[in-house]
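Engineer: Listed below are the residues making up each chain.
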Amino acid sequence: MKILIVDDFSTMRRIIKNLLRDLGLNNTSEADDGNTALPMLQNGSFDFLVTDWNMPGMTGIDLLKAVRADENLSNMPVLLVTAEQKREQIIEAAQAGVNGYIIKPFTAQTLKEKLDKIFERVG
Amino acid sequence: MSCENILSEDSLSLAKSLVKNIQQKNQEKADQILNQLTQKDDSILLQEIGKLTRDLHTALNGFSIDSRISGVAEQDFSDARERLHYVISLTDQAANTTLNSVEEAVPLCDQMHSRVTEIKASWEKFLSRDMCAEEFRKFSRQLESYLQGWEGDVVSVKQRLNEILLAQDFQDLTGQVLHRVIELVENLEASLVGLIKVAGKKGNTALQQKGENIPDIEAAGPKVPGVDKWKTVSGQDEVDDLLSSLGF
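Residue numbers (the working numbering), protein chains in the order written: chain D, 1 to 123; chain S, 124 to 371.
Quick caveat, the hints were computed from the structure, so don't treat them as lab data.
Misleading hints may appear alongside valid ones.
[Said to hold, decoys possible] Calculated lysine-lysine pairs in the DSSO-like style (CA-CA distance at most 30 Å, straight line): (1) S:352 <-> D:104; (2) D:117 <-> S:346; (3) S:148 <-> D:104; (4) D:104 <-> S:261; (5) S:243 <-> D:117.
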């Protein structure tokens, strides 16, 4: 499975990358905001997107909306991993079609649970 | 009207008259004119002081009605201080988590290393057929026990490494908080520039007021305890509950 990790902080990208590797998911690429990520998604045959919300340039929520609006990407599972934790934001993400929402700081166990749930649902 | 202009108009004729009276040795008249001139200077001085006072008053009023500046002074400084304290606390927490994990993992590694050295010596003895039956039985038991121990030790070391890995999230979280503080410093800079304009140009005292409320959907970074008042969920469980109430 090919996964794109999007976060403006390289340390967080590395954390997620290492945790995914621990779960046997080795094929990952990285981008530092939505503007960089979107063309990568459009050209890169990715299967799964893990993104932060608060990023300069294009935010994670806008990236999610762009993915849902793109007919080739609209079915891609998207997991938001973010420090944003207002109810309105979570509702907004749900309405935009997010598949999972993890708030930072998080544990390896939480990441595993959400991934299991997403792929169980997506099939 | 400037001080210079006032002096050049009325005072000139008085001065001429003063000179004339002094030349004519008319002491009484000369004193009278001199008094008149001095009083005139006093009244000009008073007028100028009055003008300066009004300017100062306008400027001071300007300070107090500029809500951005009073906001920076009263709220934003304390806000920035709290955010920086939060950064200290997060970095402290991350450093301690990392150090604890290292302190727990290092003895496990040392123990594994010393046992490997011990087993290696026995193994070499076994290979060179220099081991009696009793020694071999002891070696077998030792090896079995060490192998079991290593299995658990390796898992423990890996757990510690994962804890170290996750502790690095402080960089992302503190980075977002520090960005907010930088924003605040930039606002302060803009306010001070505005203040200089107010002080230098009377009458133009109103500065555009900055919106205080962050829209609900706009990204705001991690909520800093005691500083950010907006309402958030209490943790991952509440996120999960909220999402399942929305049909997830």
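Engineer: Checking each numbered hint in turn, tell me which of them this model violates, lowest number first.
Structural biologist: As far as the earlier hints go, 3, 4 and 5 are violated by this structure, in ascending order.
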